[in-house]
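Undergrad: These protein sequences, in sequence, are chains A, B, C and D.
Counted from 1, the first sequence has number 226 at position 226 by the numbering used here; the numbering is strictly sequential.
Counted from 1, the second sequence has number 205 at position 205 by the numbering used here; the numbering is strictly sequential.
Counted from 1, the third sequence has number 324 at position 324 by the numbering used here; the numbering is strictly sequential.
Counted from 1, the fourth sequence has number 191 at position 191 by the numbering used here; the numbering is strictly sequential.
Simulated from the structure, these hints should not be mistaken for laboratory data.
One copy or any two copies: either way a pair holds, since identical chains are not told apart in the list.
Lysine to aspartate or glutamate pairs mimicking EDC-like chemistry, simulated, CA-CA at most 20 Å apart:
hint	residue 1	residue 2
1	K321	E387
2	K4	E303
3	K362	E167
4	K362	D74
5	K184	E135
6	K4	E387
7	K4	E332
8	K4	D302
9	K362	D76
10	K184	E167
11	K362	D345
12	K4	E339
13	K321	D8
14	K92	D64
15	K362	E135
16	K362	D131
Residues per chain are reported as follows:
4 protein chains.
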Amino acid sequence: MSPKVPQDAFTPRPEHHFTFGLWTVGNTGRDPFGDPVRAPLPPLRIVEKLAELGAYGVNLHDNDLVPQGATPADRDRIVREFKAALQASGMKVPMATTNLFGDPVFRDGAFTSNDATVRAYALQKTMAAMDLGVELGAETYVFWGGREGAETNAAKDLRAALGWFREALNFLCDYARAQKYALKFALEAKPNEPRGDIFLPTTGHMLAFITTLDHPEMVGVNPEVAHEQMAGLDFSHGVAQALEAGKLFHIDLNGQQPGRYDQDLRFGSDNPRSAFYLVKLLEDARWPGMRHFDSHAYRTEDEEGVWDFALGSMRTYLILKDKAARFAGDAEIQQLLGELRARGDAGGARAPFSPARVAALKAERFDLPALRARGYAYERLDQLTTELLLGVR
Amino acid sequence: MSPKVPQDAFTPRPEHHFTFGLWTVGNTGRDPFGDPVRAPLPPLRIVEKLAELGAYGVNLHDNDLVPQGATPADRDRIVREFKAALQASGMKVPMATTNLFGDPVFRDGAFTSNDATVRAYALQKTMAAMDLGVELGAETYVFWGGREGAETNAAKDLRAALGWFREALNFLCDYARAQKYALKFALEAKPNEPRGDIFLPTTGHMLAFITTLDHPEMVGVNPEVAHEQMAGLDFSHGVAQALEAGKLFHIDLNGQQPGRYDQDLRFGSDNPRSAFYLVKLLEDARWPGMRHFDSHAYRTEDEEGVWDFALGSMRTYLILKDKAARFAGDAEIQQLLGELRARGDAGGARAPFSPARVAALKAERFDLPALRARGYAYERLDQLTTELLLGVR
Amino acid sequence: MSPKVPQDAFTPRPEHHFTFGLWTVGNTGRDPFGDPVRAPLPPLRIVEKLAELGAYGVNLHDNDLVPQGATPADRDRIVREFKAALQASGMKVPMATTNLFGDPVFRDGAFTSNDATVRAYALQKTMAAMDLGVELGAETYVFWGGREGAETNAAKDLRAALGWFREALNFLCDYARAQKYALKFALEAKPNEPRGDIFLPTTGHMLAFITTLDHPEMVGVNPEVAHEQMAGLDFSHGVAQALEAGKLFHIDLNGQQPGRYDQDLRFGSDNPRSAFYLVKLLEDARWPGMRHFDSHAYRTEDEEGVWDFALGSMRTYLILKDKAARFAGDAEIQQLLGELRARGDAGGARAPFSPARVAALKAERFDLPALRARGYAYERLDQLTTELLLGVR
Amino acid sequence: MSPKVPQDAFTPRPEHHFTFGLWTVGNTGRDPFGDPVRAPLPPLRIVEKLAELGAYGVNLHDNDLVPQGATPADRDRIVREFKAALQASGMKVPMATTNLFGDPVFRDGAFTSNDATVRAYALQKTMAAMDLGVELGAETYVFWGGREGAETNAAKDLRAALGWFREALNFLCDYARAQKYALKFALEAKPNEPRGDIFLPTTGHMLAFITTLDHPEMVGVNPEVAHEQMAGLDFSHGVAQALEAGKLFHIDLNGQQPGRYDQDLRFGSDNPRSAFYLVKLLEDARWPGMRHFDSHAYRTEDEEGVWDFALGSMRTYLILKDKAARFAGDAEIQQLLGELRARGDAGGARAPFSPARVAALKAERFDLPALRARGYAYERLDQLTTELLLGVR
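Sequences and hints are given; from them, build the entire structure.
TA: Quick look at the structure:
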């Protein structure tokens with residue numbers, strides 16, 4: 001019931017820091033048009049199998065582990081057994097989050113429901129889920145507001161909704177501080193689905209929103225490949241902005257064709273080129289976070305297919321990481337990049353602002369015809385990268 | 001050569017603060033597959049005609065008025081004549097901007113070109129354009145970085161590019177301050193076209209970027225309907241976030257089908273429903289800015305069609321403004337909204353955080369079955385709005 | 001539990017030929033991220049309520065009425081009771097179809113599964129469902145191949161899959177003929193969801209495929225607004241092609257924002273403009289088919305919201321039908337259209353081909369400068385239409 | 001001024017049948033927001049350079065070679081010189097087409113303009129262009145109706161427009177037959193741009209339309225990667241349908257991100273995975289047609305970049321062709337595929353229809369629980385393919 005794990009240069013190991021959600025390998029294949037095709041996988045089995053495959057840890061929503069409505073005694077037993085399984089396998093729980101979307105109570109949102117009672121219940125549920133996450137060792141707490149949105153703008157005051165969202169996050173930041181939880185929050189954007197439109201639809205909107213919170217230093221983003229690509233955006237660009245702002249607190253790796261339903265495909269299986277540039281960005285930046293896969297096996301698969309999927313996700317990351325190293329070591333590519341870096345630098349620094357620099361700049365005569373004529377050799381650079389990616393250089 | 005301006009409740013007048021770009025009514029219909037279909041309209045004629053139609057002002061790129069490479073004497077004469085036309089017609093120039101995309105010199109970007117000389121030239125050109133804008137009375141200065149982007153991530157260091165962009169904006173903020181220009185900057189996002197991907201692709205990304213500048217208080221956003229809808233985003237949601245953050249400094253009104261080339265259709269002609277929610281948001285917020293149309297007539301049109309287009313843009317805005325007032329006065333709609341506003345409020349305020357509130361919230365027993373069963377009557381509300389929009393209630 | 005049915009010019013009546021699927025008003029609100037929010041509505045209740053609201057009939061999948069695995073005795077009792085309810089209410093079942101997507105057995109497709117046994121089972125199930133549909137009086141039989149597709153082209157021979165699809169349709173056409181069923185088949189396209197890509201993704205692909213069948217005269221299309229708009233296509237254009245080819249056998253009315261998950265919104269609630277052009281096309285063509293709504297209430301709604309949704313769907317159609325009549329009667333609009341129809345007709349007919357016409361055409365001297373300069377007044381025409389649609393003319 | 005052509009397994013040679021349009025390598029980089037960045041390349045130079053790089057031929061629009069309005073004497077001289085260059089280099093002109101989109105006369109369409117005079121002129125221009133194409137040796141004649149479309153459905157009778165389009169194609173088929181031209185017609189679809197919506201927006205719509213022509217056997221399709229991917233469709237699926245119908249008469253290879261302006265990127269540079277499946281499909285089918293690149297170099301490039309682009313296009317095709325051969329020879333992949341092909345075949349053929357088969361099928365008892373439980377191993381197959389594509393197996 002388990003794929004042979006090939007032992008080669010791309011064999012995953014815990015130090016690669018790969019994590020999966022319980023809900024990802026545990027996905028049963030239910031979709032809008034069909035019933036489940038796979039039995040639910042018990043969390044203990046997931047932990048055991050992922051450890052075998054070389055993962056570092058598992059992440060979870062509160063209800064992935066503890067069913068909605070469990071008694072305190074059941075909750076404690078479940079958690080105890082889960083911790084024992086973690087202990088036995090050496091697996092970690094680096095991230096936890098709250099399911100604020102599955103229960104019909106959240107049909108109009110959790111923190112932004114038009115019903116104030118629902119908003120209060122969402123806070124209560126999240127506090128409990130944060131307690132659980134911290135108990136399991138989580139250091140990052142993700143917020144994905146899947147129901148925070150609207151189908152009709154007639155029904156919701158958009159500015160009030162943003163205010164409610166802020167109020168909730170401020171409250172929960174204060175709660176984490178009061179509890180002395182060493183938690184960082186990571187906000188996850190998505191443009192739509194399951195709501196017609198979801199508030200704060202991209203990583204950019206989230207980065208902006210964070211700066212309006214009471215404790216912005218506690219809060220960063222959790223960009224997801226599929227969510228940005230649903231809106232047709234270049235995922236690496238948004239991640240670069242988050243990295244540059246020191247706000248990349250977590251990441252969700254998967255695959256997605258633009259302009260469609262949320263596919264959560266195996267990482268790299270949609271487009272190896274864009275996956276490569278993402279891996280290159282993360283590795284070039286020596287980003288220290290978890291490489292988390294928020295994806296699931298095709299619905300055609302049985303359990304064996306699920307483990308093939310999990311293993312393949314990690315292997316593809318490692319293959320692309322190796323490609324990034326080759327890119328850094330490719331003499332022809334690096335020569336082209338070196339020429340680009342040097343280009344036009346003769347003029348000296350024009351910034352920061354000073355009156356002298358303004359005067360000089362206003363007086364400068366640019367050789368516009370020459371600047372207009374000069375090409376950048378990006379076709380050549382891109383073709384070299386393509387050939388490197390395809391393994392023929 | 002000019003449409004009869006119907007005199008009715010929707011006749012545009014200067015106090016409505018409608019503005020057009022010289023480049024919009026002046027658009028010649030050139031596109032990627034075809035030659036111009038209309039002769040260029042002289043700026044003086046544009047000013048005169050728009051005044052006749054009831055507009056408040058015109059906006060411009062530096063080169064819309066002063067051709068690239070004009071001598072100082074030519075430049076001064078052109079400006080003098082243009083100011084005289086403004087004077088004669090009572091028209092204003094509330095906004096100005098720089099053309100940093102048309103000249104081949106900017107083929108790899110202006111502020112983010114890999115060529116440092118190009119980046120310097122972009123600064124020089126922008127300072128001159130700012131001087132021109134201020135001379136014409138502009139109070140808002142727009143930055144649309146149409147060439148700031150990439151076709152291949154192999155070629156550009158994404159984080160370096162964001163740094164260059166920041167450096168340029170910081171420089172130009174300082175320049176405006178040094179010159180004592182009463183200018184606010186408004187950044188305009190676009191996801192792609194003419195570059196494969198443009199940096200900072202949505203209003204959300206721009207709002208986040210602004211917080212990293214040296215003088216964030218000087219800088220806001222200029223969201224454009226078409227640009228956000230290209231990415232399939234609900235335009236009103238992004239505008240609401242900008243409004244709530246006090247950052248809506250300007251707006252570009254037009255129309256666009258999602259997931260296509262930049263269409264710049266007549267405002268409201270793509271989807272009157274989304275246009276309605278935008279107008280309602282701006283009017284409900286009593287937003288004081290200019291209603292600027294960044295759009296152009298279909299390429300099928302001659303000059304008469306251009307003026308039909310301009311007049312229609314303004315009329316549709318006024319029709320939708322009237323609809324927003326009717327929405328506010330519709331008893332059945334307002335009763336539904338009142339019920340929503342009151343919903344669940346019995347519990348009292350749960351925020352801001354306090355230990356007592358946490359304790360109370362943790363102890364609260366929610367009647368989940370009741371909360372799960374209750375509907376929100378959004379179908380009814382949306383249908384009432386549809387019938388109001390279609391003029392049958 | 002039921003909306004007041006306003007008695008006005010837009011009150012639905014059976015002669016308007018509005019139909020709903022049992023699965024549409026019966027939708028429980030389950031989605032990829034959440035549980036059902038509404039209890040299943042018994043088919044008998046649906047029939048009774050829709051009749052009250054003015055509908056003409058209901059349509060169904062086999063398993064909407066008879067649960068998968070029902071005994072023959074149960075099946076017969078259910079059918080008997082359902083027919084009695086139809087009789088009592090005067091409602092019809094004009095269309096029936098097969099659920100070939102819900103059961104995990106169809107995870108890789110029904111007629112195009114890589115497993116030949118599944119393909120055989122799909123035929124068996126469809127024959128039984130056709131028998132049921134005919135027993136209930138259906139005259140149109142719809143095929144929506146929701147699982148006929150792929151996530152990876154490595155796994156399926158695309159040409160073989162098309163062959164299997166054809167083989168199944170040929171078989172079932174022959175079955176209908178052998179049974180002397182007066183059934184027309186209507187093929188429904190969808191680009192993706194629940195499969196990564198669905199075969200024959202648009203109405204255009206379906207129209208082409210039909211011409212390759214053994215009995216093309218029996219087979220037409222069932223275009224669905226949402227499905228074509230998912231791919232960003234203008235729905236009216238595809239419907240016009242089907243109409244022109246005599247192949248519009250059925251239609252699914254609903255709403256959808258482009259480039260997203262399948263939304264199945266209330267007809268006209270996404271974009272009243274595109275809905276208007278569709279209604280205008282159908283009414284101008286005096287198309288005699290059913291106006292079927294394949295959509296469902298927002299997940300925020302309770303049962304009352306479902307009936308609001310159903311009533312609103314029909315009202316919006318009737319409002320737009322009235323707009324189409326006003327368009328036909330608007331003197332200013334019709335004058336513009338008359339000018340367009342007359343344009344350039346002085347030259348006489350250039351077709352069909354004849355040697356004399358070729359000679360004349362080759363010799364003709366066209367006044368290209370005049371043709372290049374002339375506008376088409378489409379901005380004016382479109383603005384007049386907008387104002388008519390918004391009820392201000 | 002020319003890339004070193006690496007001599008390796010992927011060096012293009014004439015027998016690979018690679019062709020380029022004069023307009024593709026000749027693209028000057030003009031776009032909606034910017035001026036040309038490269039000087040026009042003389043056709044003679046294009047022929048010479050492409051021959052050097054290993055191409056088989058060049059294709060052209062009438063006006064790529066003979067400027068609009070050239071005198072007959074000029075036309076003849078240009079053609080004579082061009083034929084001499086072909087002769088000298090061994091290059092062919094396998095395909096020709098008409099520019100029916102650049103001239104403002106076609107602003108509302110060519111064959112579907114609302115102006116009958118324009119429709120007549122489009123016929124005249126096309127006959128002359130066909131004469132030119134045949135004189136140059138073309139065997140395929142492409143029709144891309146870039147202006148056949150609409151921005152507003154108020155202005156054009158959609159069914160009349162389809163009728164005009166058909167009338168034109170019928171006329172031109174008859175013309176080719178009368179002239180005894182051995183030409184096949186290939187229709188090229190595009191969903192939008194430069195028109196808001198283009199008629200017959202996908203290859204599927206074109207395939208359907210062809211069956212309504214007087215001489216359908218003369219007419220096939222010319223699918224273009226970018227055009228189908230603009231609509232988010234899987235390109236290989238549409239090509240497979242065309243192949244299966246015997247209607248793939250030509251193909252346009254390039255690259256495109258979904259849901260954007262027409263990018264015409266270097267083949268394979270957008271997504272090597274989808275490019276691979278296309279090459280695999282064409283090679284597996286031993287499709288004999290030309291591999292035509294309808295794309296252009298990034299606007300960042302100078303002339304050297306253009307040749308890098310041309311060479312890279314061909315190299316990537318050959319690399320992917322080699323991958324397709326490896327896929328066919330990979331034992332592990334082929335074992336999985338063999339199992340799929342054998343699956344469920346024990347039951348024997350269920351088609352074509354016969355009463356006996358119906359009886360047997362109705363009586364068959366399927367082991368549904370077993371069929372529901374069985375996975376398809378597509379994750380494993382797709383991962384193996386990914387690793388093969390990335391060159392690590």
